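Visitor: Here is how the chains run, residue by residue.
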Amino acid sequence: MLVLLLFIFVLAAFLGFELIQKVPSQLHTPLMSGSNAISGITIVGAIIASGAIEGKMGIILGFIALILATINVVGGYMVTDRMLAMFHSKKDDK
Amino acid sequence: MLVLLLFIFVLAAFLGFELIQKVPSQLHTPLMSGSNAISGITIVGAIIASGAIEGKMGIILGFIALILATINVVGGYMVTDRMLAMFHSKKDDK
Amino acid sequence: MKIFAPKETDPDETRAALDPLGAKKLTDLGITVVVEAGVGESSGHLDQKYSEAGAEVTQDRNAALADADVVIRVRKPPAAEVGKLKKGAIHISFLDPFNEPDLIDAFAKANATAISLEMVPRTTLAQKMDALSSQANLAGYASVILAASRMKTILPMMMTPAGTIAPAKFFIVGIGVAGLQAIATAKRLGARVTAFDVRPEALEQAESLGAKALRIDLGETKSEGGYAKEMTPEQIKIQIEAQAKVCAQSDVVITTAKVFGRKPPVLVKKPAIDQMQNGSLIIDLAAEGGGNVEGIVAGEEVTTKNGVTLIGLTNYEGLVPQNATQVYSANITNMIEHFLDEESKSFPIDLEDEILKGCVITYDGKIVNERFTS
Amino acid sequence: MKIFAPKETDPDETRAALDPLGAKKLTDLGITVVVEAGVGESSGHLDQKYSEAGAEVTQDRNAALADADVVIRVRKPPAAEVGKLKKGAIHISFLDPFNEPDLIDAFAKANATAISLEMVPRTTLAQKMDALSSQANLAGYASVILAASRMKTILPMMMTPAGTIAPAKFFIVGIGVAGLQAIATAKRLGARVTAFDVRPEALEQAESLGAKALRIDLGETKSEGGYAKEMTPEQIKIQIEAQAKVCAQSDVVITTAKVFGRKPPVLVKKPAIDQMQNGSLIIDLAAEGGGNVEGIVAGEEVTTKNGVTLIGLTNYEGLVPQNATQVYSANITNMIEHFLDEESKSFPIDLEDEILKGCVITYDGKIVNERFTS
Amino acid sequence: MDLDSLINFAYIVASILFIFGIKMLGSADTARKGNQISSIGMLIAVVAVLLTKGMDYTWIVAGLVIGSTIGAIAAKRVQMTGMPELVALFNGFGGLASLLVGWAEFAAHTDDSHIGIETGAAVVLTILIGGITFTGSIIAYLKLSGKMSGNAINFGGQKALNILIAVAIVVLGGIFATTGATWALYALIGLSLLLGIMAVIPIGGGDMPVVIAILNSFSGLAASAAGFVIANNVLIVAGCLVGASGLILSIIMCKAMNRTLGNVLFGNFGAATGKTGKVVEGEMKPASVEDAYYVLEAAQSVVFVPGYGMAVAQAQHAVKELAKILEDNGAEVLFAIHPVAGRMPGHMNVLLAEADVPYEQLAEMDDVNPIMNTVDVAIVIGANDVVNPAAVDDESSPIYGMPIIKVYEANTVYVLKRGQGAGFSGLVNSLFFRENTRMIYGDAKETITGLVTQFKD
Amino acid sequence: MDLDSLINFAYIVASILFIFGIKMLGSADTARKGNQISSIGMLIAVVAVLLTKGMDYTWIVAGLVIGSTIGAIAAKRVQMTGMPELVALFNGFGGLASLLVGWAEFAAHTDDSHIGIETGAAVVLTILIGGITFTGSIIAYLKLSGKMSGNAINFGGQKALNILIAVAIVVLGGIFATTGATWALYALIGLSLLLGIMAVIPIGGGDMPVVIAILNSFSGLAASAAGFVIANNVLIVAGCLVGASGLILSIIMCKAMNRTLGNVLFGNFGAATGKTGKVVEGEMKPASVEDAYYVLEAAQSVVFVPGYGMAVAQAQHAVKELAKILEDNGAEVLFAIHPVAGRMPGHMNVLLAEADVPYEQLAEMDDVNPIMNTVDVAIVIGANDVVNPAAVDDESSPIYGMPIIKVYEANTVYVLKRGQGAGFSGLVNSLFFRENTRMIYGDAKETITGLVTQFKD
Ligand SMILES: NC(=O)c1ccc[n+]([C@@H]2O[C@H](COP(=O)([O-])OP(=O)(O)OC[C@H]3O[C@@H](n4cnc5c(N)ncnc54)[C@H](OP(=O)(O)O)[C@@H]3O)[C@@H](O)[C@H]2O)c1
Ligand SMILES: NC(=O)c1ccc[n+]([C@@H]2O[C@H](COP(=O)([O-])OP(=O)(O)OC[C@H]3O[C@@H](n4cnc5c(N)ncnc54)[C@H](OP(=O)(O)O)[C@@H]3O)[C@@H](O)[C@H]2O)c1
Ligand SMILES: NC(=O)c1ccc[n+]([C@@H]2O[C@H](COP(=O)([O-])OP(=O)(O)OC[C@H]3O[C@@H](n4cnc5c(N)ncnc54)[C@H](O)[C@@H]3O)[C@@H](O)[C@H]2O)c1
Ligand SMILES: NC(=O)c1ccc[n+]([C@@H]2O[C@H](COP(=O)([O-])OP(=O)(O)OC[C@H]3O[C@@H](n4cnc5c(N)ncnc54)[C@H](O)[C@@H]3O)[C@@H](O)[C@H]2O)c1
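If you read the sequences in order, they're chains A, B, C, D, E and F. Here my numbering is used: the first residue of the first sequence is 1, the next is one more, and so on. Here my numbering is used: the first residue of the second sequence is 1, the next is one more, and so on. Here my numbering is used: the first residue of the third sequence is 1, the next is one more, and so on. Here my numbering is used: the first residue of the fourth sequence is 1, the next is one more, and so on. Here my numbering is used: the first residue of the fifth sequence is 1, the next is one more, and so on. Here my numbering is used: the first residue of the sixth sequence is 1, the next is one more, and so on.
Don't read these hints as lab results, they were simulated from the structure. Each hint can be trusted.
Label-pair restraints from in silico Cβ distances: (1) F/62 / E/53: 49 to 57 Å; (2) D/212 / F/364: 19 to 27 Å; (3) C/306 / F/327: 50 to 58 Å; (4) E/151 / F/2: 51 to 59 Å; (5) F/364 / C/60: 33 to 41 Å; (6) F/428 / C/300: 44 to 52 Å; (7) D/278 / C/307: 35 to 43 Å; (8) C/298 / F/364: 32 to 40 Å; (9) C/307 / D/28: 26 to 34 Å; (10) D/212 / C/60: 44 to 52 Å; (11) C/298 / F/419: 44 to 52 Å; (12) D/248 / C/238: 51 to 59 Å; (13) E/151 / F/300: 52 to 60 Å.
Within a straight-line C-alpha distance of at most 25 Å, the following computed BS3-like cross-link-like pairs (lysine-lysine) qualify: (14) D/49 / C/245; (15) C/237 / C/212; (16) C/152 / D/24; (17) F/324 / D/169; (18) E/324 / F/324; (19) D/305 / C/49; (20) D/212 / D/245; (21) E/324 / C/169; (22) C/357 / C/263; (23) C/7 / C/49; (24) D/169 / C/49; (25) E/33 / E/76; (26) C/169 / D/49.
All figures in this text were calculated on a predicted structure; none of them were measured in a lab. The beta carbon of each residue, even a glycine, is placed where N, CA and C say it ideally should be.
Work the whole structure out from these sequences, hints included.
Guide: Structure follows, in structure tokens:
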């Protein structure tokens, strides 16, 4: 099981490296921000933790984690979208 | 379990797509030949099958598979290397 | 075979029919070459160079004329000299056959073979003998250099600390060989060039040299065999009007529009000239045949009241006589080499041949060329 | 303030000190402008154009001279006319001060301010008034056009069905303003250009225009203030020898080498000329000061025994008089505008000013320029 | 299909969407769509996990609502200029969340048995990476938002202290992983947070974007580590994707700044004993051809200012081609010719005529200066003196009073030159130090050809 | 670590090596090393699997020895020219091996219980893909080696038959996966093999390289499917990598041939009722800029032959630049100027002088023709009549007798033109159909600029 997870990890790592090849500098910030939102995937872990039926401590920690992760996800996607919208409208102008 | 394997498969597929970006036409054949050798990885399956302790039919099939896969692997790598060696020496000439 | 190149009789002619290089080539082919003393004087070739090339330099023109199998020159011969030719001799030169029926008759009468270089067909194969092209090319260049040396201004644009000098504006009418070279030369010197021709493909060619093509809708204007067809009077009228505006803005107008075998059309008329600036130039390369410009005088220079100078030289290529002689001489030697019978060292006239069919005017005592037998 | 531009007295001079555009600019600045009738004749500007620009056209030269606060012209004035100037008047022109001590004294005696345009310092700031540069630039262009119109051959290479015409070979000695423009113009026309200068940075500049730089090891050859230093006799000798080979292969040699304030060095000597081909040209832009070429005669044309023509015009820029006048006029008006006191509409002479310190020769009855006070 | 398989299948779909999302974010045309696709992936992952059997939704709903509200408001309210610091802040939250998830898993492990060495190690990694991400991001946020000085902070013994912390973390991590001792966990949390602070304070404000990119990569790794803790694929994949792509991105960003990653992160770090970083006011800012490409691509008006360097580089043909491309791209293009540009009168005219630049595009200095402030991009090609603002604003300069082409009034100025070489006059050019000027070093022809290539790709 | 973990860890390492291997194979400088790295990966995987507990090595050793011997000998013996077909053959073996592995797993499943729908489906896929790969590759091998006509084979009802086979496979696959019926398996095997044949025979010999690339991708997928059957990661990963990269590669290859994948695979397939494919003897062979780049990169002598098309395209500056690059690359470069090239005497001279091509590189026709047969590459830029061999070898041609530049004597000729346009004379140019001529369509300037870009990258 752990081996499979590791396998997945390794493949994902390579894939991550290959995905980003040549990014125009104007996109550096949006890309960072967008992938930051993805790293909010930890929200899934937080949901599992805060949805637990027992273990007060765990639930509390999970709850805080959930709030933070949600901020990261929701805020992250929205802010990225705002940036990109701005970028786009400038391009469409001409 | 199957889900994890699928996960692995999907990631590998994406990785495969990303790996090949822009290949000079001179390298088309060697690349094909080299990855053909890799597809001989089925040799691992063939070894497992032909190394089985029981099940005659399976062992025979495995044995044939093993021979074929080995040809593919050994021949494939060698032929690729020959091609690339030729290519290289030609480049170094000038 | 004996070839003779006499000195040109026209005092304005600076070219020669043969240069020492050509003489060498012919003697190497096994041909006897005779040149009149002083033949290359005005094109920069001393008699001595001809001797060195293996030619015989003679003072006796008449004897040489009577003796030669082939006589080569640039301009048409004086009528008097046609009779001096050996029977069956070949005479190669520009002949202006459309305007010289008497001369042609004289050739027929003299039983000489007259080859008119104007009539060499414009096929890809015949290009090496195509003297019209080789000379027009140099004429195009020379006309622009002449303009540049006569202008009170420079051609290129210059943005300098003492202000900007605007580029000179050239307008080239007729984008044949001469027109193209004129465009190329003026563009090289940095002028702004506009060009017009009735053949649409010529406009594309002008653009490939960086000129602006003036596009005038004239309806049907097809060309045949590389030459423009004569246009209808209406077409010419439309053209003249559309050109007038461009002329008014131009510092130099160069016209090169000829129509093969006919009088060149008059394309720049007085109203257009009157609108041009004081100090402008008009250079007419078709002046010899009558000119594309109203008021042009062949061989002379006229300045209008409003200060426009019309130049109508008959021989622009003669301004660069050394090169003009070089290529003319090459055209003629190419022709001789092309048709030479290696064995007998003779120039057999095969009237079935595509090229000879076009350019041989008289043969065996008759006018043989279709265009003149009617 | 009243400015007067008399007609040039030298009959060979085609330029004028002011063109209508300049007259307009000055009148717009609130200055009264007077020009002598016919001042722009040879440069293509009718008197009427000056009137239209707001200038007064006068027939009475002497009156105007006596009345003007500033007199502007191209060439140095006849000695007789210096005395006619108003006391304190400013006279702007080329003065050739190194060779005209008497003229300078005359100015001092007449209590006039003599500004010599040659002496405007070559700083970036003063470039708009730098008439040496603006004229040299046009001279460089004109010298090549002159060469092209005098040659028996064309400049560009052409590979044609009638053989290949080789490109003309130019050799430019002295890569200053005129030399650079000559290079640019010859290159534009397709010639092969070799160039030499004693200043190494000039060689790089020639290369940036596509010329081949002739590199001769001469040891130390620094320049100061944009001008070349005079070389030692040994250096000149090495140079002459190295150049001789290039000359022999060249169709045209153009020399432009001046040394500020001194006689130009003789750089092309007889042995080199003797090796050149029949029909070659040598054009000397330094002819006025004595020339870079042995045997040159200022203002004349000499053909050597081996057929090399030496041209020593004193005024190449005069070949394109309209543009030459345009930029000269701009230089002068720029200078006046630069120093004009807007309030009093006067031209105050501040001898502390970098530019005036350089170019004012006499002021207030004295020779004030450091270079001439010794 | 059973529920578990369904959830896992949803995870696969989510992962694929993340992959596409990241890929598309890397190119201008698809970036926005990419972000949306990745957000859909996130939605799928969240919905999927909510399907898990036996969950108590009270806290979940509360957490989601609170978090969404805060996130949305923050994202809406923030000024454009404040975005980078907000991203840093979000990133910190993500890191902290991962830390907490790891901790929670340990806390939920209520019976006294050891959690197992593998999970233990995963918890250690989660906490370590999450902690560094959190405090590091917070420092970055403070520096960027100006709430803390952007200067690099260095003090004696910094290096030693950092080594100490690192060693302690390794030791404590080992103890916790093997024994599961709670005290070790707490100590670890504290030290990780401290390490995050220590790592970022010595880095100057100008380098913060790279730091955020790195921390972003870390927050991905933290999520991935958390995924190992709770054995969840989508966390592993998504986190790892972010970890890897974030690393590449930060390397790319460094390259664009002509720096290396090591130089950014440790440049000040090692050599830091007492010496404080000096912030040069107005430095020459280099730019890459790629940077310029993106600005040019969006420019509506471009003015080229050629000088002697264009002649030396023989760049005129390439320049003409670039001008053509820009025009085809919808920009208005002019060539502003200074009268003394080059080394002879009309030098630029000769070159541009050779390259067949249309006369209409040649503008005189006096015509172009008045409109210069409406120009998006001015490209100075091997010109120097003729664009030196000293002629306008420095009375002590020898060229004071000379008219110049006022490129500095344009929105953005790119100066193409080979290096620090002076012009004909030998003067320093203050244009190069202006806020809106970027230097593109290298032979002008190479640079222009590079730009042309960018447009063609 | 237990043995199983160790093996699995080895698989991870092997997979990583494969990833690097494929990546490195894609670039000329690293290709050979990449192949070696991937072979090390293979070795690791094989060693790892041999560690599996409870194996009978008899057959294994025998199989390895036999296979290695055959493979090695074949690889050593083959002529350079025979390599493509050998690769096809190997590929087929790989596919067959996968098929057999799937089958063996089913056969080994001795008890009578159903193997399970998931494994069943995996077996079906393995057999299907493996079978197609095997027979498809064999056909490709036969076509390439000339043992079978390279022509496309078409017959009436082909399409219907193929659809029938496909339907049958789906049905049988369903039956087998759900019931595990052995007869269904055999039928499947047969049909898969048949489908492979049917798929490849309608494709012409010239397209075989693409077909092999596709089949290579298939053999990877077959291995991957086999991996699912025996639940083995390294098979899944390596197979899938090959599957995906092979697909991309075949798309790239199609692009280089100006074709689409669909066009190659089904071009003849659909429209094939009775009409037999016609093989034009001597056709115009298009090439891509990239192809030309690789040839030019290795060329020692290059002759440019410009014509009127260069003037129209205004390509002279780009040509000059390419010439410069080629020279810097060690090639000898000449421009062969035909006296009547262009539309006026000296037309090419004007253009090349404008671009500042050194006079030394301009060669006259008569000087260049004698050395033409020593020239590696002749590049004809928008010239047509002046290189038309009809002038030399076709007495009936109107231009017979005109001297031409004999580019056809060069090793390789690239002709740059926009399309099928004729020259001034309007004649067909047999040069374009020669064996050693490749056409690069498109505006000459674009093409040349493309080549320059290739060299710069
Ligand atoms: N026009 C005239 O008639 C004339 C005559 C004489 C003097 N001048 C003087 O010359 C100056 C002209 O000003 P300018 O702005 O044109 O030129 P400039 O001030 O001389 O500057 C040229 C710049 O080009 C750069 N450069 C050189 N080669 C290059 C290459 N291959 N690629 C990229 N950049 C290159 C140099 O910097 P790097 O070395 O760092 O690359 C240098 O800073 C004025 O001072 C003017 O007074 C003009
Ligand atoms: N030199 C002279 O003085 C002169 C004068 C008059 C006539 N001619 C005649 O002109 C001909 C000259 O031969 P040539 O080989 O130079 O030219 P050509 O035979 O006319 O062929 C030109 C070729 O260039 C191609 N082309 C046009 N535009 C192009 C572009 N933008 N990019 C790429 N290719 C382009 C055309 O094919 P696509 O349309 O398919 O692109 C055409 O096949 C000879 O027949 C000669 O006799 C010469
Ligand atoms: N086949 C060959 O190899 C070959 C050889 C030489 C020339 N040519 C071609 O033949 C053509 C004509 O050559 P040329 O220069 O000797 O021709 P030309 O001297 O007879 O005429 C000059 C030009 O004037 C143009 N013209 C005629 N009437 C006009 C009008 N009313 N207004 C404007 N322009 C007018 C013609 O179209 C021609 O372009 C050119 O296209 C040239 O390329 C072909
Ligand atoms: N600062 C400015 O803005 C400015 C303005 C105008 C000119 N200049 C510079 O001043 C320099 C000279 O200009 P100029 O043309 O008026 O100079 P010039 O007319 O005095 O001399 C012409 C050229 O001859 C060269 N020369 C002298 N002796 C020589 C010898 N023995 N052999 C070969 N060449 C010799 C000089 O170096 C100079 O290049 C140029 O570099 C020019 O760019 C600068």
